[in-house]
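J.: For reference, the chains in residue letters:
8 protein chains.
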Amino acid sequence: MSTYNRLNKDDAAVLLVDHQAGLLSLVRDIDPDRFKNNVLALADMAEYFQLPTILTTSFEDGPNGPLVPELKAQFPDAPYIARPGQINAWDNEDFLNAVKATGKKQLIIAGVVTEVCVAFPALSALEKGFEVFVITDASGTFNAMTRDAAWQRMTAAGAQLMTWFGAACELHRDWRNDIEGLGTLFSNHIPDYRNLITSYNTLTSKA
Amino acid sequence: MSTYNRLNKDDAAVLLVDHQAGLLSLVRDIDPDRFKNNVLALADMAEYFQLPTILTTSFEDGPNGPLVPELKAQFPDAPYIARPGQINAWDNEDFLNAVKATGKKQLIIAGVVTEVCVAFPALSALEKGFEVFVITDASGTFNAMTRDAAWQRMTAAGAQLMTWFGAACELHRDWRNDIEGLGTLFSNHIPDYRNLITSYNTLTSKA
Amino acid sequence: MSTYNRLNKDDAAVLLVDHQAGLLSLVRDIDPDRFKNNVLALADMAEYFQLPTILTTSFEDGPNGPLVPELKAQFPDAPYIARPGQINAWDNEDFLNAVKATGKKQLIIAGVVTEVCVAFPALSALEKGFEVFVITDASGTFNAMTRDAAWQRMTAAGAQLMTWFGAACELHRDWRNDIEGLGTLFSNHIPDYRNLITSYNTLTSKA
Amino acid sequence: MSTYNRLNKDDAAVLLVDHQAGLLSLVRDIDPDRFKNNVLALADMAEYFQLPTILTTSFEDGPNGPLVPELKAQFPDAPYIARPGQINAWDNEDFLNAVKATGKKQLIIAGVVTEVCVAFPALSALEKGFEVFVITDASGTFNAMTRDAAWQRMTAAGAQLMTWFGAACELHRDWRNDIEGLGTLFSNHIPDYRNLITSYNTLTSKA
Amino acid sequence: MSTYNRLNKDDAAVLLVDHQAGLLSLVRDIDPDRFKNNVLALADMAEYFQLPTILTTSFEDGPNGPLVPELKAQFPDAPYIARPGQINAWDNEDFLNAVKATGKKQLIIAGVVTEVCVAFPALSALEKGFEVFVITDASGTFNAMTRDAAWQRMTAAGAQLMTWFGAACELHRDWRNDIEGLGTLFSNHIPDYRNLITSYNTLTSKA
Amino acid sequence: MSTYNRLNKDDAAVLLVDHQAGLLSLVRDIDPDRFKNNVLALADMAEYFQLPTILTTSFEDGPNGPLVPELKAQFPDAPYIARPGQINAWDNEDFLNAVKATGKKQLIIAGVVTEVCVAFPALSALEKGFEVFVITDASGTFNAMTRDAAWQRMTAAGAQLMTWFGAACELHRDWRNDIEGLGTLFSNHIPDYRNLITSYNTLTSKA
Amino acid sequence: MSTYNRLNKDDAAVLLVDHQAGLLSLVRDIDPDRFKNNVLALADMAEYFQLPTILTTSFEDGPNGPLVPELKAQFPDAPYIARPGQINAWDNEDFLNAVKATGKKQLIIAGVVTEVCVAFPALSALEKGFEVFVITDASGTFNAMTRDAAWQRMTAAGAQLMTWFGAACELHRDWRNDIEGLGTLFSNHIPDYRNLITSYNTLTSKA
Amino acid sequence: MSTYNRLNKDDAAVLLVDHQAGLLSLVRDIDPDRFKNNVLALADMAEYFQLPTILTTSFEDGPNGPLVPELKAQFPDAPYIARPGQINAWDNEDFLNAVKATGKKQLIIAGVVTEVCVAFPALSALEKGFEVFVITDASGTFNAMTRDAAWQRMTAAGAQLMTWFGAACELHRDWRNDIEGLGTLFSNHIPDYRNLITSYNTLTSKA
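Residue numbers (our numbering), protein chains in the order written: chain A, 787 to 993; chain B, 787 to 993; chain C, 787 to 993; chain D, 787 to 993; chain E, 787 to 993; chain F, 787 to 993; chain G, 787 to 993; chain H, 787 to 993.
One chain only, chain A, in its complex shape (with noise of 0.2 Å):
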């Protein structure tokens, strides 16, 4: 019989990593306008539940480019910890310490790329006894074969796979806990759900 370790508004926390405009061109398993959505989404995520959010990227001053402008405007007062070499953002005190402040024992991961910079510490993490959560369409890779490689490792080493769509409907529980702010969330980062909500909108308003 298996648990059923469930994503909890008040022991999760969201770890953004390396997701750095020259890295960004490196990812092509996911079409560009539906990754720039998906991480945008994951962000608004965070914030809307208010989890402890940590930032960081990897060699910032080099070819890797800066963080996303977006996250960072985003995110003014989350922790962010421009490592200054350390490959596994793990390995690197500071952003350990930023984790273990927040408190809490689920980690939701995304980050470029994939089978590095969001699975070396979703590993490290795993072997601390935390629940990892990596949010796959928020990270990004070469292609899909090495995604699917990074998958199965991550895994086999006991990591969930998921969604920040999937992500923010086990958060909320209950649409009634607010409607219109998990509405607002799917609406501005699901196209066909904006669309449903257009359609419905129109046709309740004349009513």
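It is worth saying that the hints were derived from the structure and are not from the lab. Just so you know, these numbers come straight off a predicted model, no measurement behind them. Heads up, a few of these hints could be off.
As the list claims (entries may be wrong) - For each label pair, taking beta carbons as the anchor points, the in silico distance ranges come out as:
id	chain 1	residue 1	chain 2	residue 2	range
1	A	N974	B	P870	56 to 62 Å
2	G	E879	F	K891	46 to 52 Å
3	G	A930	A	T970	33 to 39 Å
Glycine included, C-beta positions come from ideal geometry on N, C-alpha and C.
Got chain A; can you put chains B, C, D, E, F, G and H on it based on the hints?
T.: Relative to chain A, chains B, C, D, E, F, G and H alone:
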């Protein structure tokens, strides 16, 4: 040595979760013609094997839209739980009671979208000791990447991935139990099989 | 400056070529659920617009198998030419006479397989001065490469490539000619459209 | 020797046909995130180059749903023709008059669905001697097969297939006409380009 | 530490399940040319290594059709169980006795369709303590989604996924056991390998 | 009005260009099992219709490797031109003389690789007034992008794109010319068709 | 009857348009490894056949980035036009003069992105009576849909679509003009061909 | 709680299995340009981290062909085991001794073909208690289906799936250990990364 948890028509109930007219527009990991056919095939299968079936919807008065009318029509007496807000159907007491009232330990689940409406109750049910069989081809979601992640999460927790055809075959056990009944189910939902039957009947009726 | 050879319901006839139970097993450039739906949609379209329709088969007593029974049932009074051997239906005098008897100059053609049963009569008809409209999605063949080659051959000769939906729209011209009729045709064969109608009707009936 | 019919900002008008909330659920030949972005990019392009723009919808009070609100908001003063029934916008006198009133000979067309709402007015306009430029990536339809057929039909009639990016480049001619304006358009709608600019600005501001 | 359950030619038997002329028309997750080749390659492999081989069919007098004649011809003395109705071959006593009569503990299974005719006996055999090796490329089903689900179900239960080529290599162990025999098997069923041999032989015969 | 340049068995010759063991390793736009089958099917077709056939190779003593032995064996008396260096077979006088010696005006061409060994002689032949029919599925090249470009170049010049199956049907005209002969050709090279025949024969022999 | 406009090394010049480090991050219709190889192969081809080659860039001091250094290094004496703003290279007088100065009538064009940097000068050149050969596989753009539209626009205007390999073969005409030179070009840029040569050399050196 | 078996440059050895000129023609699950690059990148990585590396081939005097010369040249002093016949390299005593002689417990394996030359020694090594890291993108096989099956078999046995890039990052730990060295490795084998560096260097050198 593994145990073969085999579908048994006396032990199984069917849960159809959130096949709603609005939500269906989100499904893009499977062609709409094929998906519609699969959902109706699963419903026909449930009816054919007289499996207790439970219908549920999420927020059906809003943009998610009403349950697909064909399902409502096919199971007029089935428990029908229009959830007032719970995203995970398992969190709804009426739904849970309906599941328990079936007295079955095997749950056949399909729904929209896979990583939420299917995965959440599947994970909850597994935790409670139910055997869970996900009907993958009557469940749909945003894209293949999302589906793959959901499958890995459910598989890791012990869910068995099946299709409506595989489930029908495992439930039926032996063609001789009712050749015509099973043949009709297949003929109505598998065009290639229907063609085989058409050719066969034409030739044998001439003989 | 090009001429817009536009489908006109008074000028058009439909040729359904070799949709036979055996031959359908050769069709692999399109999913069988979608293909079956498209063929029946084209048939419904022909009936709805009361277009003269001609059925023909090739060697139906052999392995190619009988005409799909739904088509036979839908057009009980249509000319039905079971060709004794001609591969190009246009080479069969009865078929040719049936085409001429319609008195139409626009031929809507679909069949199995695309590069033979569709392309051959299409090329023959073009040579004779007919306007030819190939219903691509109600025609099928071995694989996409084969289809692409057939399309290029037919396009180069002047055939226009359409779909059943496009043809229905071009024939109908204006929704006001019969809103319900066209809506029903679409609802029966386009699951996404049916969902739109379901949601719309639910909401407006509540208002 | 061919003539290069080149887009010219003084000669061009933009026709946005049936980008309606309901109809968008039919679009499956392109990812919804990318499609939404492309449509908004085309709208921004039209506004940026101050091209006369015409909006039209089909049956917007029914299941097809209202025009996407962003388009309505962006072109408050544009001719807006809610067609009472004509499927081919060109068949609607108001629409036709609006086109003629622009006084332009180059028509940039995009819409949903490609083989109907785009192809029909495109073919009509070509017949009348207009130069037609189809914005392929801001037009959508049921699937790739349908799109390919529509493209071949339009190409054979003389339409030129373009994208919003190609059209913007052809209209702009020279970056020096307004570097920042074009750069902003690209940055807002091409994530990869935005990243280039982000990295570039970061490095040059440090220098 | 894992155990390497390695195929051993003295321990292995081959089960060919329901490769019937009618059922083959259902197989669409693999190209028919490649599939036919793989099935015949597996048969040649079984014969080459003199592995006990069992043939079985389901309802071969009905639309499922007869066993592919090549298999019947290749194993004239093999147990051939035309099951009167059992869908899971393992439920048929004659089949089960035939399996037991081989005295082998390793079962190499292939069949049509994967999630039923292969997966059911595979799961049954695993429960009984057999080592199960699924020849994935000589097994086929409706589409890739169905296959993926079946693979995950079998893998979770302990089946090992292989191909005919991998199995042949694992059984053979050392080229020196019979260079020409293995080379012929590969040359007959791997066009690329045949080409290598052709070029090699041409050059060395000239030398 | 177009002319239907229809293959005629009295007017056609077959050119097999550079199907060499080495060059075949370059072919990646088509699965090797399918490609091998298509090439042998084309050869069988040529033999069946007794079309004059010409074999040619490029540099067969070097890395390009020898002609596939099956072709050499099937056409022992055909002109066989091992070109000393000309890349375009048409540039080789012996080849050109062999073509002229057939006295045919329709040339059926297939080869490796498509954009060179097929396209070059195709374009040369078109210039000289021959009718050219490219057998697309017995021609192969590096990838689909390369093939698509080659197809467009040849189509623009007037070549007709066909497949071996389409060509066989167009040459045969009427099944009654030799039912068994054509049936055997199809049965040997189309697994789905072979299955239809198997089922058909089984049922009719029982009747 | 068509004319075969055949590449001739005495008549051809090569235009490499905007292969810049920044713009390359936009290219997603072709794998980066393959694309890099193709561009360098085209450069090697130009050098090998001593074709006059022209380099040009767009806004190379901005985010578009510098010309790929390998190209700069390979053609140190080639005209190099860093365009101050013209998007269509043909609109730049220096570029146009450089083209005219070559005295060639055949223009081999490749660049980034296909529908702009390649298509615009291609269409301009065609209008001026040049023969245009697009090297499709050394040109890249956002996605396959964009590429397909660009190809149709250029083909309709008379451009010929080729690949670097096809162009090299058409230019070389006869292996005997320089076996080793052409072989080296292929060996350096076609891994499969290099393998053929490796095996060949190994075997023949042993003989 | 899982253990993170992390690659450690002091604990790891590299096994390159059967990257032979002939066998490479069998690899079709990955584009040849990309595959060649990945294999050379893995070799460069092994050299850069000074990992003990072992080369082995299977039957290199026959059609399988010689080891790719680049690998031979790069590791002139590495153990090189030309196996006389063992298909599983682990069955060869010299190979096994070479592995043991490295004294390493972590084995990084890549080879051709994946399900045989990689999977067999991987499974053998896992059984002996080694930690196994499969470099998936420097391993190739017949098609994606075959690869997927091989991956599942190896993952189930405890192998970790990685890529050369992921492995390099995990071995390096911290950029500061040698920024230029790692940057060069990436620049030589990741075109997108090279472009980032090119743009970065251009801009910073100007500053």
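J.: Does each hint fit the structure? Answer for all of them.
T.: Okay, the hints, checked on the actual structure:
{"no.": "1", "hint": "A:N974 - B:P870: 56 to 62 Å", "in the structure": "24 Å, violated"}
{"no.": "2", "hint": "G:E879 - F:K891: 46 to 52 Å", "in the structure": "50 Å, holds"}
{"no.": "3", "hint": "G:A930 - A:T970: 33 to 39 Å", "in the structure": "34 Å, holds"}
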